[in-house]
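These protein sequences, in sequence, are chains F and B. Using this note's numbering, read the first sequence as starting at 603 and increasing by one per residue. Using this note's numbering, read the second sequence as starting at 39 and increasing by one per residue.
None of these hints come from the bench; they were simulated from the model. From a predicted model like this one, the values you see are computed outputs, not experimental measurements. Don't take each hint at face value.
Said to hold, decoys possible - Simulated crosslink set (EDC-like; lysine to aspartate or glutamate; CA at most 16 Å straight-line):
(1) B:K53 x B:D232
(2) B:K53 x F:E867
(3) B:K53 x B:E76
(4) F:K877 x F:E867
(5) B:K53 x B:E98
(6) B:K53 x F:E875
Stated by the list, open to error - Derived list of chain B stretches under chain F, where covered just means 3 residues or more per stretch with a C-beta under 8 Å from a C-beta of chain F:
(7) 82-90
(8) 99-111
As the list claims (entries may be wrong) - Take a look, some chain F residues computed to stay more than 10 Å from chain B by CB distance:
(9) N627
(10) A631
(11) L632
(12) S679
(13) I723
(14) D817
(15) L865
Glycine included, every Cβ here is placed at the ideal spot set by N, Cα and C.
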Amino acid sequence: MSQTYPSGPIYSAGRRRFALRNQANVLSALFFREAEMRHGQSFALGYLASAIEPLVIIGTIGLLFSALAHTPPYGDSLWLFLGTGVFPIYLFIHTSLRLRQPLNAGAQRLRFPIERPFDHIAVHSLLHLLSSAFVAILFFGALYYIGGVNSAIPENPLIAIEALAAVLLFGIATGICNAVIARLFPFWDVIWPAIARGALHFSGPYFVAAYLPPDSRWYFGLNPMIHGVDWFRHAFYPFYPNQLDNHLYLLEAAALLLVFGLLLEAGTRRYLEEKD
Amino acid sequence: MIRLDNVSYTYPRGKRVINNLSIELPSHRRLAVLGPAECGKTTLIGLLAGVIDPVEGRIERFAHLSFPAGYSRAFRFGNPLRQNLAFAARVYDADPDEVIDFIAGLLALTGELDRPMRDLPIPTRLALSFALTYALPFDTYLFDNIIGPGDPATRDLWRQLYDARTATAGAILATRQARVAESYCDCGLVLRRDAAPIFCDDIRDAIVLFEEENAAAAGAGQSETPRTDNRNGDGEPAVIRAGE
């Protein structure tokens, strides 16, 4: 036969490089495939469709507040204030909901053995971050250019990125826990989205956490996301009141949940294999 | 080289098929895994490929091991064929265009490349999953009983592909048939029920040992019920029933 056989690089460079190279191959191939297709939809329809939800929330709260003729709780623009609250919250909610597929039992069987679940977690998280960031940039850009809100361009973009990274980490940690809990108790799939979306209002999308009455403020501070929102708002409002802020609390919560989630996953892996 | 260190595997809700196995397997030779039915041949191939994870112990792979030949579960049937093949090529570090050209040439595919996988007839999908195995460059190819789908007309093709690939790479072929092991492999690992496996440097020693084991098992009244699903009459390892 006169076929030429596809030849690959020869793996003589040692085991460590081999492993890194495999990892890079898997992550990049997965990234491009998942970006192209999501639930059989193209990227624009699949990922960006999830962007409609924060826009609807911003729109409804904004209309309600305008109708009630509220002044913005902080700053000049109601829409900017709502946007800086809702986008980080939805980055968290969507990431915490959508890491189910990477750890799903059925999906795990439908992969090449070289793709490990945590490759899928990394790729899906990155795609959520990118699609959320894309929509957020469009929203804030539109506010700046069309709405004429000058502060819609963050004064300190680095703080915005730090805040989003912390929120994403918290979302990933929660997502891993949720994925495992949902396999142990399938009804969690119905309960968690309800809790997450209901709790949205406690994370401060339309109020300034530091202006809450002092006796209830401490209880609001238990919610890690309220710190994430405040952190993100610092990028836009340099003098945002920060009496409640505790950035470390958000990071600690994320780290704790991450450790818990990974332990839970490792501890129940065998049990879940037998259960399914 | 592939090093298994104290590896055990128990089926979910089932019995233990591989018990504290510690062995080093060559990754650059053509190794037959011989053994009677239900002694863990398929499980061993699955463990080596990483399709299943050991319950205890660890496997160190000092080579780029394939998935079990003909593995088709990773295909996304709603996605176009071209995209599926390109994904497999990227994941396994090959050039997507080369792989697609190779498979298209081998199976004479043209218009099918841009259609969703699910539009292809099942025999084509089977041939495709084997062609993909041979198209990707691995250090060691893993086979569970079957080196190619069982259309007699194409049997020579799969044999040629096997020979071409194993001229420079290793192979591990699990089988229950001495003739297959003899013609496709040059060293053997004999798995035994309730005893440690034995590695033989020469395939003929392995076959002698395997047949002794079988005779002993038959003598002890454990003779196997003949199963014909893996053979097509003359001992070639070449049948997948449609729909599998």
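Consistency of the hints with the structure:
| no. | hint | verdict |
| --- | --- | --- |
| 1 | B:K53 x B:D232 | 12 Å, holds |
| 2 | B:K53 x F:E867 | 24 Å, violated |
| 3 | B:K53 x B:E76 | 11 Å, holds |
| 4 | F:K877 x F:E867 | 14 Å, holds |
| 5 | B:K53 x B:E98 | 24 Å, violated |
| 6 | B:K53 x F:E875 | 15 Å, holds |
| 7 | 82-90 | holds (count 3) |
| 8 | 99-111 | holds (count 6) |
| 9 | N627 | 5 Å, violated |
| 10 | A631 | 4 Å, violated |
| 11 | L632 | 8 Å, violated |
| 12 | S679 | 44 Å, holds |
| 13 | I723 | 17 Å, holds |
| 14 | D817 | 52 Å, holds |
| 15 | L865 | 17 Å, holds |
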